[in-house]
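Chemist: For the sequence shown, full-length UniProt numbering begins at 1 and goes up steadily by one.
Rather than coming from a laboratory, the hints here were simulated on the basis of the structure.
Please note: incorrect hints may appear among the correct ones.
To be verified - Derived DEER-like restraints, expressed as beta-carbon distance ranges:
1. E698 - H660: 26 to 34 angstroms
2. D370 - I575: 49 to 57 angstroms
3. V823 - D370: 56 to 64 angstroms
4. L912 - N975: 27 to 35 angstroms
5. K863 - R517: 21 to 29 angstroms
6. V904 - E824: 21 to 29 angstroms
7. G957 - N905: 52 to 60 angstroms
8. P145 - H509: 44 to 52 angstroms
To be verified - Quick list of in silico lysine-lysine cross-link-like pairs, BS3-like style, CA-CA up to 25 angstroms:
9. K1061 - K1086
10. K791 - K863
11. K1061 - K1077
12. K598 - K580
13. K1061 - K1041
14. K917 - K852
15. K791 - K654
16. K992 - K935
17. K354 - K407
18. K992 - K917
Even for Gly, the Cβ is constructed at its ideal location relative to N, Cα and C.
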Amino acid sequence: GFPPADITTRGIRNALTGEDAAAVLVCWVSLNRWRTGLTTHSERMVTSYLSTPLDLPNYAFHDAATVSPFLGLNKSGGNMTSLGPFPIPTTDIMPEYHLVNRSNAVFNVTILVVATFGGVLPIDLRKSGGIIELAVQAVRTEILPDVNVFYHMVSKSDFSDCYQDENHAAYLMSKFAFGDVKTRGYPPVGLVVGPGCTKALESTGRIAADSKIPMVTSQGFSLTLDDKTIFRTLTRTGPTMKTLSRFALQFLDTYNYTNVAIIYDDLFSFFSVVGSMFYRAFYYRQGQRMFPLDLPYRNVTDFTTHLYQAANNSRVIFVLAKGSMVRQIMLQAFDLGMTDGEFVFVTCEWYKEKYWGSYSWRVGDSRDQDAHQAFRTLFILREGRTRNRGAGESTDTEVAYQNLVRKAKSLDWNRFGYNFDYDEDISPAVIELYDGIILWATALNETLRFLEDPRDGLIVTRRMWARQLDGINGSIRIDANGDRDCGYAVLDMAPGTGDFKVVFTYAGHGEPLEVVRTIDWGEGRMGSPPNEPECGYKGDRLVCLMRNESGKVLDTAVGVVAGLVLLFLVIGFLIYRKVKMEQALRNTWWRVDLDEVKFQGRANSTKSMSLVQGSETQEAHKLSVARYHERYVMVKSLDCKIDLSRDFLIYLSKLNTINHENVNRIVGLCPEINHEAIIMEYCAKGGLVDILEKEDMELDWGFKSSLISDLVSGLEYIHSSFLQSHGNLHSSNCVIDSRFTLKITDYAFPELRNISLLPVDAVGQDINYKALLWRAPEFLRTVMPPAGSSKGDVFSMAIILCEIVTRREPYSALDSTLDRTYVEIIDQVRYLDNPPFRPSIGTEECPPLVAKVIQMCWAEQPKDRLTVKDTQRLLKENGVEKGSVMDNVIKRMEHHAVNLESTVNDRTRALLDEKRKVEELLYEILPRAVADALKRGMQVPPEAFEMVTIYYSDIVGFTTISARSTAFQVVDLLNDLYTLFDGITLKFDAYKVETIGDAYVIASGVPIRNGDRHAFEIAGLALAFREGVADFIIRHIPDEKLMLRIGLHSGYCAAGVVGVKMPRYCLFGESVQMANKMESTGEAEKIQISEVTKKLLDQFNAFEMTYRHDYYTGKGTIATYWLVSRMLDHLCQPKSPRGNDSQL
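Please put together the full structure from these sequences, using the hints given.
Modeler: The following block contains the structure:
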């Protein structure tokens, strides 16, 4: 019945009573047809609504404020009927805003929530109602306090899953938004929240778009919803198929996978949507061609056919189903031999949710071990923002999140009747609804602030898009299409634990995958399985077929030829190696002629480079420093004859290949009889022991870290070389070169060592027990082989590391009174104690994790000790980095230079601040121009001023007031009064000359001339002083009224700086005395001015003045006047300006 010109959406909505939902929809469709001239999708959809039987008694409309019973519509008469009691809230978290219509509100709006009720969906109203109410509370109190925000929940109690007709959700939304909103007294709907099902979201999203109502949801994976030309008011705060597909493609591209099979549960709406969308995303991919295989199933328990089909087309299989079904499929793949590392399985678990079940291989049945093996080939895709509960977080954000969850769970139980399990948490999808409501409220607030139309949902929606929000559970980035740009993670099973850990993370917005840890591909594989096997998916490649059919003859021929070729290659290699060996044996690089060695003297270290264990005094004469071929070397004399056998020469040729920065290189060997010696590189800083024992040498952790890193690096090189072990490692065999780099020596010629053996059954009296402090306990119980063992080296290395970090001799106690003799130490280490006897490390001497590594290296059992490579890795992880001491010194100097620069800058700023304070104080004492001249070191000569105006005032009855006051009270009185005067003076072009007791002297026109303006400025200032004193209260005599006597005079004066210690800017001349007389002969609360001043003020025509009397000055008679007030209706400009106006 509306005229066409008057048909508007708002008009129809306001005209409808809401009693007939069908009429509402028909009118809305008619409006749509009249507006577009076409049969729109919305019209077809509503026609479907009207033709579909509706189970109306099951509909429930929940008012968050009234929350009484569930209400529904009677199918026959449309009357409201009760569906049973609704739990009355026991908390006052949600105030009843619907009862308060604030008159000062700038805007009224309703939030409509459309959701299932009583089902198992993640955002079912029973699980999400509490968080939605908390979001509305936050909107009302924190974001939109000046807006009346109502909200309303509609649901259908038998919406247990998404395979309900989407018309129901659209009907509920339309009935309230276009009918009940008027009859129930709600303001128009400004936001629709939900629903969670994709099909229902598509239908309600179209209605919201046509009606320009913003809509938020955390669900809706359909690619259809990506088209924001249709769903132009829809904002999705959860993961979408667009971001999920982009993430999956990034994962597949990492390993060049193009053939993918997708097995998904077609009866489960979520996995049906995800599976079909994956297929479309892979098949229609731009750029690189992919070959996906679509394998949906319904009510299937035997997946053999599906797995065979997948195996015949790909090696990457997506399994999209609930957790229990994924385990069943993986077990069947295990039975078919598909979990041996040749196939890659992928599943999706957005977050921990009871709705989807557990994606664990552990269920406690007889097939757990089989499932564990099968799950090693499974990857899990998960939303990257999922919280790791129990991580011990204590930040303010975590506390806020926990409080929100606790309140929401309480509301869900008290208001909606849902009790969470002990280990069940609120779904992240529900938290994302909270973020969506906050995002909408923020956008609406900005819309109101920028004076835009808040009823225009398109404007509000555009402010929700292309922005970032700090959500309650992490940062949320909404892209320009209104969808959240999600982050994701890839998880696989960690070896040993059987738990799934993150291996890749994806930050979104097209970023590459970030590697978190190495993937365990299983079955000893070093890399990912290929996209396609060598013989094809079905083994029908031509090469393989030919190999199978005629391969026997061909293989025989090829085998014979290959065998002959291999035989010739082996023979040739042996001949080549023999020739090279003979050449190496003839190479005498090692031979040193003793005549070419120029001895310099004894070594400056008596504790280093020992090849023979003996006393330190005995070692001193065996070490000599010499020059050989223009370089310094260390010569070590031997007490044994050198047998130049063939094996020994082979050993020397291999020794020539030893080359590492932390291994002291062998220069050569002198085999002359009675002069046998080994020549090694000379290290100028002596031995490690020398460095550690220098008490005056400071060793910080950086220094120690470099020494530790050098030692471990050198020993790791020895173990990886042909030597395989050191066998005689102790701190005396560690030397320091000129760059403070530690090098290991005495690693060669084990047969030349005179090792003190320690049998189990007897101990000799001449054994050097100190030399045994570094020996592993297993070699203290039996005869040690000449070359020792790698595990024994690790034990010796641990003792040296302890020496470096503690700077104490091995096994010396922190308390010197507990020190033992060397014999006692060796005995206690040799015999099995529990725990075994080891050196002590103080808690402050090194980081705890480094001490733990050292303890792992000196374990009692050799098999329990770390390898050198593992030790190097663990130390690096704990901050022990590779680098020379000189590098650390340079870094320290650079750091000191930066700190010094920062200190200089800070002190410069402090100096400038002090200078500014001094200048401000100087400007308070002297005029700025005079002060600037004095700062520059200039003389300030006296200056004459033809015409200035001088102000004099004193306090009437000050002597009486002083007699009634203490000295401190007088000081407080004058300080309060002069602070008032100083503040008033700043508003005028005047300079405070001085204060003498209660006398206050001010001048204008000096030291900066201002034409005739000086009289005007002083007159205004005098009136302001009189007005200010009228309201002045004496603190200790509040009833006493303070009165001023003021005198003004204009005339000539001279001014200049007087004094050096305490310079003062003083005025001199008859005009100063005349101004004083004008004050002294005046009256209380009156301003007496001279005739000269009166004439100057007449030019401005701005003041009221009256004649007082003639005054005899001693030089004649002058007339005086009272300055009464200022005429505010006149401009303060002179009638005939004189002087230099530019001075004003």
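Chemist: Does each hint fit the structure? Answer for all of them.
Modeler: Results of checking the hints against the structure:
About 28 angstroms separates the C-beta atoms of E698 and H660, a value consistent with the hinted range of 26 to 34 angstroms. Distance hint check for D370 and I575: the Cβ-Cβ separation is about 54 angstroms, which falls inside the suggested range of 49 to 57 angstroms. With their beta carbons about 59 angstroms apart, V823 and D370 fall inside the hinted range of 56 to 64 angstroms. Checked against the hint of 27 to 35 angstroms, the C-beta distance between L912 and N975 comes to roughly 30 angstroms, which is consistent with it.
Here the CB-CB span from K863 to R517 is close to 26 angstroms, well matched to the stated 21 to 29 angstroms. Checked against the given bound of 21 to 29 angstroms, the beta carbons of V904 and E824, roughly 58 angstroms apart, lie outside it. The hint said 52 to 60 angstroms for the Cβ distance between G957 and N905, and at roughly 57 angstroms that hint holds. A beta carbon spacing of about 34 angstroms between P145 and H509 contradicts the range 44 to 52 angstroms that was offered as a hint.
For the suggested pair K1061 and K1086, the alpha carbons sit about 38 angstroms apart, so the restraint of at most 25 angstroms is broken. Simply put, K791 and K863 have alpha-carbon atoms about 8 angstroms apart, close enough for the 25 angstroms limit, and the pair holds. Proposed proximity of K1061 and K1077 is contradicted: the alpha carbons are some 31 angstroms apart, above 25 angstroms. Annotation: proposed proximity of K598 to K580 is violated, straight-line Cα distance about 34 angstroms (limit 25 angstroms).
Pair hint K1061 plus K1041 does not hold up; C-alpha atoms about 39 angstroms apart against a cutoff of 25 angstroms. At most 25 angstroms may separate the alpha-carbon atoms for a hinted pair to count; K917 and K852 exceed this at roughly 57 angstroms. Restraint check for K791 and K654: satisfied, since their Cα atoms lie roughly 23 angstroms apart, inside the 25 angstroms limit. A threshold of 25 angstroms between alpha carbons decides the hint, and for K992 with K935 the separation of about 21 angstroms falls inside it, so the pair holds.
Proposed proximity of K354 and K407 is supported: the alpha carbons are some 20 angstroms apart, at most 25 angstroms. Distance restraint check for K992 and K917: the Cα-Cα separation of roughly 20 angstroms lies within the 25 angstroms cut-off, and the hinted pair is therefore satisfied.
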